[in-house]
Amino acid sequence: MNEPLQQALEFANYRQTFAIQHKTIKEKIDAKLTVGWSGGIFKIDQSLITFVEMLITMGRTADVPLIDSNGNPILIENLENFKTEIFDRYFTACHEYFQEYEKLKKSRSVEALLNI
Amino acid sequence: MKKGCLIFAHNNRDIDYAKLALLSGSLAKKNLNVPVSLVTDQSTVDWMTESKIIDRANNTFEHIIVIDRPKTDNQRILHDGFEKKVIPFVNSSRSNAYDLSPYDKTLLIDSDFLIFSNRLNQYWDTAESVKLAPAANDINSTDRLGYHDKFISDTGIHLYWATTVMFNKDLYSKLFFDLVETIKSNYKYFADLYMFNPKQYRNDIAFSIAKHILSGFQTDTLNSLPSLLTVIDKDILYSVDGKKLTFLISAMKAELQIATAIQDTDVHIMNKQSIIRNFDNLMELV
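Chains as they are written, first to last, in the working numbering: chain F, 1 to 116; chain Z, 1 to 286.
Calculated from the structure, these hints are not laboratory results. All residues carry an ideal CB built from backbone N, CA and C; glycine is no exception. No false leads were slipped in.
Computed footprint of chain Z on chain F; a stretch qualifies when at least three of its residues, placed anywhere within it, have a C-beta under 8 Å from a C-beta of chain Z:
#1 17-25
#2 38-45
#3 70-84
Calculated pairs, DSS-like style, for lysine-lysine (alpha carbon to alpha carbon, straight line, at most 30 Å):
#4 Z:K29 with F:K43
#5 F:K103 with Z:K234
#6 Z:K3 with Z:K243
#7 Z:K244 with F:K23
#8 Z:K243 with F:K43
#9 F:K83 with Z:K30
#10 Z:K30 with F:K43
#11 Z:K199 with Z:K71
#12 F:K83 with Z:K2
#13 Z:K243 with F:K106
#14 F:K23 with Z:K243
#15 Z:K150 with F:K32
#16 F:K83 with Z:K3
#17 F:K26 with Z:K29
#18 Z:K234 with F:K23
#19 Z:K169 with F:K32
#20 Z:K150 with Z:K105
#21 Z:K30 with Z:K52
Can you make the complete structure from the sequences, with help from the hints?
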């Protein structure tokens, strides 16, 4: 096999490993961004955080029905507690994602990718 | 309300399901912080004694529930990387999970589903009485799963995966598991009705039909458990180093393997032999 082809195949192997590693990190972060609360399941994202913050700013802090990720209405008794939980989870998960993704980007070989 | 995890294990001549159950049970107990019980048969218990894992099993499992070994003609092709073998497959007792479970809220898992996070703890109190995994999520970046991993047949309904099932002890769950038993007992009739191949009994299919019927003959993939991160049996669990599991992933249509590693993520490893080969290192994570 000539050298350019060998190098191309090695790079293809690296890119495939990169893609799978990225996918599995996203899977792990996705799990951390899912919270069960009052019988509902919520996917924590910017729109949920913003909406909850807006409700609290508007003075709606108790017994607020929210639509969960399954489309079901869930009564949140204490919205401040809910906000604290989703804020903590979101920033912990995003920091972890950022750190792991930075390591992923800087890894220039299959061996380095596997050591993240 | 007592929560707990339930695992079925019936050994065959090729796969030590008791060992797999000991591992998956230990991981579930550690990472979900719930008790775990095992449903098995006397010959498997005898093998656990002979292979000297019975003491660890007694420490891990809150209850070891011994039932009659289910009679089965089921066979399946099981890959171990590029090698494959036809093996007997004893899987027909899961419809009894409702009656056998000692818990009010039960997480029923396959013995090749390894829990490394507390993700499933988020789902105990959701409204749905019976929750299944709506899909398998191939670990490979390109989905290698076939149509029959997503639908029960070419023209059939959505396929749920019974690898993880969470249920409450209530009337709906009783109805669900009674219906699964009816489907199992009349498998060829339901194969005609739902137009799937009845050659091999699959819990995934029986559970999917029961879910379809009890959802008012509709597909409802909401109100489910999370999809299963799945490593197919053509892939190999290569090594376990600390908390890191390294796999060799088989590429599509080629005898190439791509390496990848995961940690702190729940994973369904269909290559059971490769779990057994790494059993000692995996048990160190417990």
